[in-house]
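K.L.:
Now for the letters of each chain:
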Amino acid sequence: MIELISPTRCTGCNICVSVCPMDVFQPTGGGRAEGAAPVIARQSDCQTCFLCEAHCPDDALYVAPDAETVTGITEEAVAAAGLFGSYRRAIGWTAAHRENRSADQTFRLLAPH
Amino acid sequence: MANVPGAPVSSSAASLDLETDVLILGGGPAGTWAAIAAATGGARTILADKGFCGTSGATAASGTTLWYVDPDPAKRAAAKASREGLGGHLADHGWMDRVLDRTHAAVGQLADWGYPFPRDADGRERRVSVQGPEYMRLMRRRVKQAGVTILDHCPALELLVDDSGAVAGAVGLQRQKGGRWTVRAKAVVIATGGCAFLSKALGCNVLTGDGLLMAAEAGADLSGMEFSNAYAIAPAFGSVTKTLLYQWASFTRADGEAIPGAASKGGRSVIARVLTTEPVYARLDRAEPELWAAMRQAQPNFFLPFDRAGIDPFTQRFPVTLRLEGTVRGTGGLRLVDGTCATAVPGLFAAGDAATREPICGGFTGGGSHNAAWAMSTGHWAGLGAADHARALGVRALGNGTRTLRRAGGAGLQDRPRGGHGAAVDAGTLTRAVQAEVFPYDLNYFRTEEGLTGSLGRLDRLWADAAGAMPASADTVLRVREAAAMLATARWMYRSALARTESRGMHRRIDHAALDPAQRHLLTVGGLDEVHVSTRPAPVRADPVRLDRAEAGRELAA
Ligand SMILES: Cc1cc2nc3c(=O)[nH]c(=O)nc-3n(C[C@H](O)[C@H](O)[C@H](O)COP(=O)(O)OP(=O)(O)OC[C@H]3O[C@@H](n4cnc5c(N)ncnc54)[C@H](O)[C@@H]3O)c2cc1C
Ligand code: SF4
Ligand code: SF4
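Protein chains in written order, with this note's numbering: chain U, 17 to 129; chain A, 6 to 563.
Because the hints were derived from the structure by calculation, they are not lab data.
Errors might be hidden in some of the hints.
Stated by the list, open to error - Some, not all, of what chain U presents toward chain A, calculated at C-beta under 10 Å:
1) I21
2) C29
3) D39
4) V79
5) V86
6) S102
7) Y103
8) A106
9) L125
It should be emphasised that the depicted structure is a prediction, and the values quoted were computed from it without experimental measurement.
In this text, a Cβ means the ideal position worked out from N, Cα and C, and glycines have one as well.
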């Protein structure tokens, strides 16, 4: 489930508000102009799809793998484990990892047809 | 906002009022391919998604393998034959050929548009799979470039029909902007995906069968709804229901004892049986370490739960569960009446998981490829079909004076003349009641006449209550409609399952464990207050000599 938005990393672009398929986030008054982070307004609606993380340009969100429960993990713990932005790097959506976009090895795992 | 039965549409009630040639409901693969085809053919096109076109739906979160087969006759024949038996010999060779051709073209198009397909050691581009976020981000871009108007966070609630009964648009909510939307259209494509009953399977909680309910309210029927019990393996704590890599798993009890026969393919039912009484653990210890890196690169999302929970899935055991994916990786859905993906109702088309996939895989899908190919192909044809239909209607009538439109929606939306009992439906309570009938392996994975009859009695009573209830308030109507759609879907599933007194495809009857050659037919199901099932002949076999005899006595695989 979505666990946190880091107020220090977030720039208030509100992309997560738009892209979350479950409409979990709510923009706050300030928005991008003031760099204000949106809030996690409907946490229990989260479907643990990790797509807000994939689309956040500032690696400011963390989705815990637990689908049913809130873990309460802290920003420090996420940062210490190097998990901020880890999905974006894996799919090649950061400048430094672009080669991962075309790294899909599924063809090696499928029986030939 | 209550509407009395058949109330005409008043434009003042909606906060956004648009007119178009083609309206697409749903923006996953099927909806985006449909939108591009319609708009490229010159039709004015609007696409409305419950969530966000580009992240919403099963593919965006999951990624898929593709039924991408070179147009070499031997390879094509093998591809078609490989699923015949598993699908219960219900697929149609003509449809398979068309879908193989169309998928090959569509995937080529993706490459031309810049999808970053990987290359193998020989430098050859490999096009057998797509990563969900990448694929659907590209599709959104192409939809916009085609000139389509996208309405994000705009779930459709009900269809509009004209006085001849033809579908003429839809009404929905603007979830983030507030208020309603009304789109009058000459043709509508239902591409709302399948129904996974809010099981939290990966990317599936937007998929509550809404389009099936809306279409049925306008008079469409469905097919193959007995093939609706796809369950997928996931770590017990998580949402990632990706199953490909479990072919390298061993499955054990809490004490570490191996579970005989348990496997992702061909032994998933064994896992289900054990899970009814005790936890099951998995470990990907059949994968050689040389393959580990490739597995990570193939499915980055598969590893998210493990990396974040601090589990090494290759060396450490973790508890697993089976989450219901319902019709998402089942094959049931709206019945198509021709190759343009028209439904039984004029002006209404269907594509992707919202349409029955029996034509290409009969009663079984799961393990990949066909669903994605079906979504690409039927999306394209439905978009073209809808655009042609709109063109044929011409300038005649979009409801502005010449055509009176009425709302087709029922449960949760309108007072019905049956002495409504005053209370509105509580979406949470109804959802949990439906889940209690469709989640348990005893009821849905392992079906019996007794179990199905008991469930149907309870589901029918829930339907009578929901259909007679007061309309939902503006802030609950989406959830109420979703609950009603799941309820309707569950009733079509179980009525069909009761009617098929054999085991075929993924439909498994404990009291009729064998395949019955006399039931090589398709089941049409429809209706809301009264659900009715009828049979239609299965497609003519390409090779009538290879009869089902070999299958007849066999306990079904998987
Ligand atoms: C974990 C997982 C793995 C899979 N792997 C494979 C695979 O390897 N190979 C394969 O072929 N298939 C696979 N599938 C199946 C494949 O993802 C689907 O067949 C495919 O996504 C269907 O596309 P679609 O466009 O019909 O539906 P979806 O992609 O589910 O999109 C449906 C869209 O409709 C929208 N919607 C829903 N209700 C409404 C409403 N009321 N109003 C407006 N919009 C609405 C949703 O928000 C969503 O955007 C997998 C599925 C899952 C869950
Ligand atoms: S997408 Fe990231 S940076 Fe933008 S508002 Fe959301 S959390 Fe903040
Ligand atoms: S994980 Fe998915 S559902 Fe949850 S907040 Fe992020 S985008 Fe929304």
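K.L.:
Confirm or reject each hint.
P.N.:
Checked hints:
1. I21: Violated - the Cβ of U/I21 stays beyond 10 Å from chain A, reaching only about 17 Å at its closest.
2. C29: With Cβ-Cβ at 15 Å, over 10 Å, it is violated.
3. D39: Since chain A brings a Cβ to about 6 Å from U/D39, closer than 10 Å, the hint holds.
4. V79: Holds, because the Cβ-Cβ distance from U/V79 to chain A comes to roughly 8 Å (cut-off 10 Å).
5. V86: Not OK, violated: U/V86 not within 10 Å of chain A, min 12 Å.
6. S102: holds (7 Å)
7. Y103: Where the cut-off is 10 Å and the nearest Cβ of chain A is about 6 Å from U/Y103, the hint holds.
8. A106: holds (4 Å)
9. L125: Holds - the Cβ of U/L125 comes within 10 Å of chain A, reaching about 6 Å at its closest.
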